[in-house]
Amino acid sequence: MTRDDAPRSGVATDGGPEGEPAEVPDQRRDEESATAGLTTAPLDGDEDTAEGGRADGERAAGAAVPGSFAGTRAPGVGGALSWVARELLGWGRWFWRQLTSMRVALLLLLLLALASIPGSLIPQERSDVTVAADFRQRNPGLSEFYDRFQLFDVYSSIWFSAIYILLFISLIGCIVPRTWQFIGQLRGRPPRAPRRLDRMPAYTTWRTTAPPEEVLAAARQRLRRRRFRTDVADTPGREGQVAAEKGYLREAGNLLFHVALIVMLVAFAAGQLYHSEGGKLVVQGSGFTNALPQYDDFSSGQLYDVDELERFGFTLDEFHYAYSRDSVDIGTPTEFRADVTYWTDDGTEESSSIEVNEPLRVGDAKVRLLGHGYAPVVTVTDAEGNTAFSGPVPFLPQDNGFTSTGVIKVSDYVGPDGEHDQLGFQGFFNPTYNIDEVRGPHSTFPEPDYPVLTLNAFHGDLGISSGIPQNVYQLDTEDMEQLTDESGDLFRFDLLPGESVELPEGRGTLTFEEFENWATFQIATREGTSWALYGSMAAIAGLVGSLFLQRRRVWVRARTEADGLTVVEMASLGRTESARIPEELAALAADLQPDAPMERPAERDGAADASNEAPEGDDAEGDDAERDASGTDATGTDATEDDDAGAAPDAPDARKPDSPPAEGAR
Amino acid sequence: MMLAADQGLADTSNLLVYTAMAVYALAFLAYVAEWVFGGRSRVARTAASLDTGDQDTDAATPAVTVRKNGATSVLERPRVVTRSTGPGRPETLDGPGAAGGDERGDTYGRIAVALTSLAFLMHLGGVVTRAIAVERGPWGNMYEFSTAFSMVVTGAFLTLLLLRRNVRWLGLVLVGTVLLDLGLATTVLYTETQQLVPALDSIWMWIHVPLAIFCGGLLYLGAIGSVLFLLKDRHEAKLAAGATPGRLSSSVLGRLPSSVSLDRFSYRINAAVFPLWTFTIVAGAIWAENAWGRYWDWDPKETWAFITWVAYAGYLHARATAGWKGRKAAYLAVIGFICFLINYYGVNIFFDSLHSYGGV
Ligand code: HEM
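These protein sequence lines are chains S and B, in that order. So that you can map any letter, position 650 of the first sequence is 650 in UniProt numbering, and since no number is skipped, the others follow by simple counting. So that you can map any letter, position 327 of the second sequence is 327 in UniProt numbering, and since no number is skipped, the others follow by simple counting.
Incorrect hints may have been included.
To be verified - Covered stretches of chain B (chain S as the covering partner; in silico rule of three or more C-beta atoms under 8 Å from a C-beta of chain S): (1) 260–274; (2) 279–290; (3) 294–300; (4) 305–311.
What the hints assert, rightly or not - Quick partial rundown of chain S residues pointing at chain B, CB under 10 Å, derived from the structure: (5) 109; (6) 119; (7) 121; (8) 124; (9) 154; (10) 532; (11) 539.
Honestly, the hints are just simulated from the structure, not real lab data. Yeah, the Cβ is synthetic: ideal placement off N, Cα and C, and Gly gets one too.
Could you put together the complete structure from these sequences and hints?
This is how it looks when you write it as structure tokens:
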């Protein structure tokens, strides 16, 4: 703690009854040491002053270069080099002090909040590629500007990273020294009582017939029972005293909170770098094996090794779903459940079900249920009557009624002229079919009350052999010709399950056999998730300690007066201004009454301006205070106390710290 | 069919909410009367409130009064170091409250509190019947969220009064905004009863969402405290500088607690809510982990919850930072609450504009 910051200097100089001028600096130092170390918070400005003072001292030795940290520059190369080294060191130290100051930490914190805002307004590529792409198309000029500042990917942009990395460097630079300081405080003793206890924020005194030693022993015992750390000091020439301190957990909680923030950040970073995430559509009755080629889409963190994919697989046995038919809630899903059988590396097979909020966990991987839909099972025969295609084809739902679109590609097919040809069908599957002028064929309800498959047909080149990867849900009709019926109209048909249709010109048949359910799953692994959880729990625990506990000191002093009576003085001091601290002192004084009963004096003691009325507290009150001191009520208003009170060493705003020399130069 | 019974209960719920609004409106008028009569009293006009201040300081901190027989000296000392946040300004005592010592004003104040309590019970009934009607927690849409939110606000206010905290001065603003909130809820935001989609059918729905509402309600009290602190602080600074503030502001601000008390009031609430808010966000992340596979995805809701959290962390930090305590910290607290509002109302609107690309 720096010395030149008297917390209550204003009070100290206003002169007590025996305020001889010579005593004032002494008195101040005395009170400072009583206050010192109640917190480990860095003192803004003060450190600058201390450093400035040091530099001043050095400069006095010779003619310094103005505005430098390095002081005198000796002639010659050696002198210049050492000057530069000192200068760099000085700047480095200055910069580090700035970075780890409370003020800069606060600014970085606010900057972080500000920097998070654009990402919530501008579509982010990481969360929704299509929306972002759409935005780009509509606003090309603006997008160029956005791109320059990485505004489509704010949360991994250089500037956003810079802010939080600086903040966390600042945090580490803050925690480490504070931790050492705190350990020092834990190993030290509660500081001595200041000479004048009546200057402390809470004070009481009374006279008793009990001898000083007994009073002090009893006080110490009471304080210990209240779980204060106590220290007895018998300085020769001074009266006996007990110094006590409590509430170290506040500081511990604060440090724990800040350390936990670092744990969370590291866990978050690990999650970004080591994760895998992929999607897979599985039709009821078929399965999935966790290997890269099996995924419909897959992404992973920079450092993730795809060979590490958890070895397992599963079969979708049955998919259950239901939708509300209530008039108000119509179409709202009420149930999703995928019954699966999964196998693991060691050959075991097990049944399980996956629900929306209940993923399946296999090793490190989690399998989540994302969505579902229908896959019409279709059989196509060619002109020669051979089966050219047979199987379920997933159609993708487009709206809340599950109007689903899809395509059927028949690549291996022989046409009526005996030539090799290809067929493509595209259209709708509507679980509850309806048709109107505006929307055409569509579905009005997600469940299959009236399932109809509506398709158009094309023949020609599907473009599959072109080598360009194709979307299985889209038909590229560029090299295809749409089939027409006898009258020359476009060929288009509606089928119910079990029905089939003759394709025109003797091109074969298409049968809509039935339909299956499909479900989409996300298979993901992510490192550090549990650490993020532990970190956040520790952070909350630390916060509770930091915000709800009081760090405070109590001193008791007893001495024998000329009249033979013992004068007991008690005072307490908190890190913060709290109504509970004087209450606690009052309760302590009341506690002491059996051992140091108050002696009502005949006249007032002139020196002490406090009333000499004894604290005749009863036990009920003591209990009260104890509860107050530890409890927090539901509304939380009892929770914490003012933080900006005079007890904080960094409090006085009127203080003008000396500028560091470097600042003066600019 | 179930529907009929549900609908009947839902109608009862709506009726209760409307009745509560009517009673809140009466309470509002009574608070107005309290302030008006309080303004007539001599005490309020002297504004400095030194003559009544003593008793009211004690009333503001009843715990201290309890100790009176214990040790008078103890009670005397702390005042020496209770300093205003403004540098070098003489300490101001708490104002006498809205009634300003006027007897009729006080009567109206008591009537207002009684009416508020009655309205609160109806409000509570409305929320509970709604919950029974929909067979789930009553926080599934904006309407339900808003009604629950203002219920927490009044509930917290009445709890503080029950704990004998000196907070009646909050009544007018508080009931006024509760009325506004309910008005918006029943007109613009009203939604018929609804079942929830399976994604919302989770234990976290019972933890994360009500906690968020609870935190929001309390933070609102803190925010009122901070705004009033800013006004009162300026008023005190003016007085200290020897200027004479306008009569109305003297009358109103003079009756409020001192800037130090207001600041402490909002700090205690904000500090107590902060760990709870942290837990709310963590609970949301756990839920997201289960439902979407990512505990944090920077979607706008998450982002604004984070911004709110950082703003309040900044506020707490500011109070330990030289040059930031007092007014600047209070501004941060107000900004923090605005972020909270943006999260709950703004984000939903922005979502729409994102999809329609309007004006972003
Ligand atoms: C990641 C960013 C940070 C967050 C979210 C954060 C949050 C908080 C919160 C909420 C408190 C309030 C606890 C209380 O009032 O007792 C606090 C206190 C504190 N923080 Fe931070 N902090 C951060 C970074 C830092 C940094 C970089 C420093 C170092 C300069 C720092 C130093 C402190 C100190 C000294 C206190 C205790 C103040 C006191 O004793 O009242 N924090 N922090």
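Per the coverage rule (Cβ-Cβ under 8 Å, at least three residues), is the segment 279–290 of chain B covered by chain S?
holds (count 7)
Have a go at the residue 124(S) hint: is there a Cβ in chain B nearer than 10 Å to its own Cβ?
holds, 7 Å
Is the coverage entry for the segment 305–311 of chain B by chain S consistent with the three-residue Cβ rule at 8 Å?
holds (count 4)
8 Å C-beta test of the segment 294–300 of chain B against chain S, three or more residues
Contact hint for the segment 294–300 of chain B vs chain S: holds, 7 residues under 8 Å.
Are residue 154(S) and chain B close enough, Cβ to Cβ, to be under 10 Å, as the hint says?
holds, 8 Å
Min Cβ distance, residue 119(S) to chain B: is it shorter than 10 Å?
At about 6 Å, which falls below the 10 Å cut-off, the nearest Cβ of chain B leaves the hint on residue 119(S) intact, so it holds.
Status of the residue 121(S) interface restraint (C-beta, 10 Å, chain B)
holds, 6 Å
Chain B contact restraint on residue 532(S) - CB to CB distance below 10 Å:
holds, 7 Å
How does the segment 260–274 of chain B fare against chain S when you require at least three residues with a CB closer than 8 Å, holds or violated?
Coverage by chain S holds for the segment 260–274 of chain B (11 residues, Cβ < 8 Å).
Agreement of hint residue 109(S) with chain B interface, Cβ distance less than 10 Å
Holds: closest Cβ of chain B sits about 5 Å from residue 109(S), inside 10 Å.
Have a go at the residue 539(S) hint: is there a Cβ in chain B nearer than 10 Å to its own Cβ?
holds, 7 Å
Checked against the numbered hints given earlier, this structure breaks none of them.
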